[in-house]
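A.B. asks: Order-wise, the sequence lines are chains A and B.
In terms of the numbering used here, the first sequence has 113 at position 113, counting the first letter as 1, and numbering is strictly consecutive.
In terms of the numbering used here, the second sequence has 37 at position 37, counting the first letter as 1, and numbering is strictly consecutive.
Calculated from the structure, these hints are not laboratory results.
Calculated lysine-lysine pairs in the DSSO-like style (CA-CA distance at most 27 Å, straight line): (1) A/K9 x B/K102; (2) B/K102 x B/K54; (3) A/K9 x B/K105; (4) A/K9 x A/K57; (5) A/K57 x B/K102; (6) B/K54 x B/K105.
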Amino acid sequence: DSGVTQTPKHLITATGQRVTLRCSPRSGDLSVYWYQQSLDQGLQFLIQYYNGEERAKGNILERFSAQQFPDLHSELNLSSLELGDSALYFCASSAGIQAFTDTQYFGPGTRLTVL
Amino acid sequence: GIQVEQSPPDLILQEGANSTLRCNFSDSVNNLQWFHQNPWGQLINLFYIPSGTKQNGRLSATTVATERYSLLYISSSQTTDSGVYFCAVDSGAGSYQLTFGKGTKLSVIP
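Just chain B, with the same shape it has in the complex:
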């Protein structure tokens, strides 16, 4: 099946800094999503982005499908950005075997 690798596994930032999280995948995809799970366990669906670029406030995401990676940018990070960021993909063709990466744990310190 499709492999998903996220990097870095852990990231510690000072409040106000910018960061880039990466998601590499092993095959072509027709679905790619980014999720955030805060330290209290709440999941938030950030982006559906199988290709192209999207922005939502301080967060933006870019997927380069031909090169099999996606990037999540966080600008001017805040302590509320802390948590784990997951990337998830599925290869399409009627398949809904969504494969999640292991996540990037982000800690934003004041």
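One chain only, chain A, in its complex shape:
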């Protein structure tokens, strides 16, 4: 158990809809990362937040947005969903501010299916 929790585990929705994925980092970690893993694109880094502030932006689509709240949990919002957004979405957390230099601890993922 990494100590990172993600909810929900599974999500099924329709094209055009909007969903919110939630992540709680390990106790004491201030950085949260979001990744997408799909059959077509493989693994992709989306975005990192540190203590509420966006720190590193990867391949995140404009239809997607994220935020990190004062209690350090993070939400990834996906809107105007398309079939191609079907994927496993992972959250990870780490202690430090600099992207990727600290060990990241991954949650179990949220599997999103868009029908």
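With chain A fixed as given, assemble chain B onto it according to the hints.
C.D. replies: Chain B only, in chain A's frame:
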């Protein structure tokens, strides 16, 4: 953009054997990481290693940045080492466009 190639794509080992996984990249990098995804989908961040050598138990990694490759060594493999190993790089200069390789699928058989 930067290209990442991992080899071999598949590897089957007997428990106790050693292995070397390779990651080649097409441009200079300031970030290179190795990840392991087990057969149940759980991701583990193994190393942050843009250059040099690091060791963690039976695993070690070496990146030769000037020659644009990184190696992941697994010694005395165990069945729990099975899964897919990914290498990921980004070229730096403020970029966080992390590019992942397609992975090496390792199967360790008892």
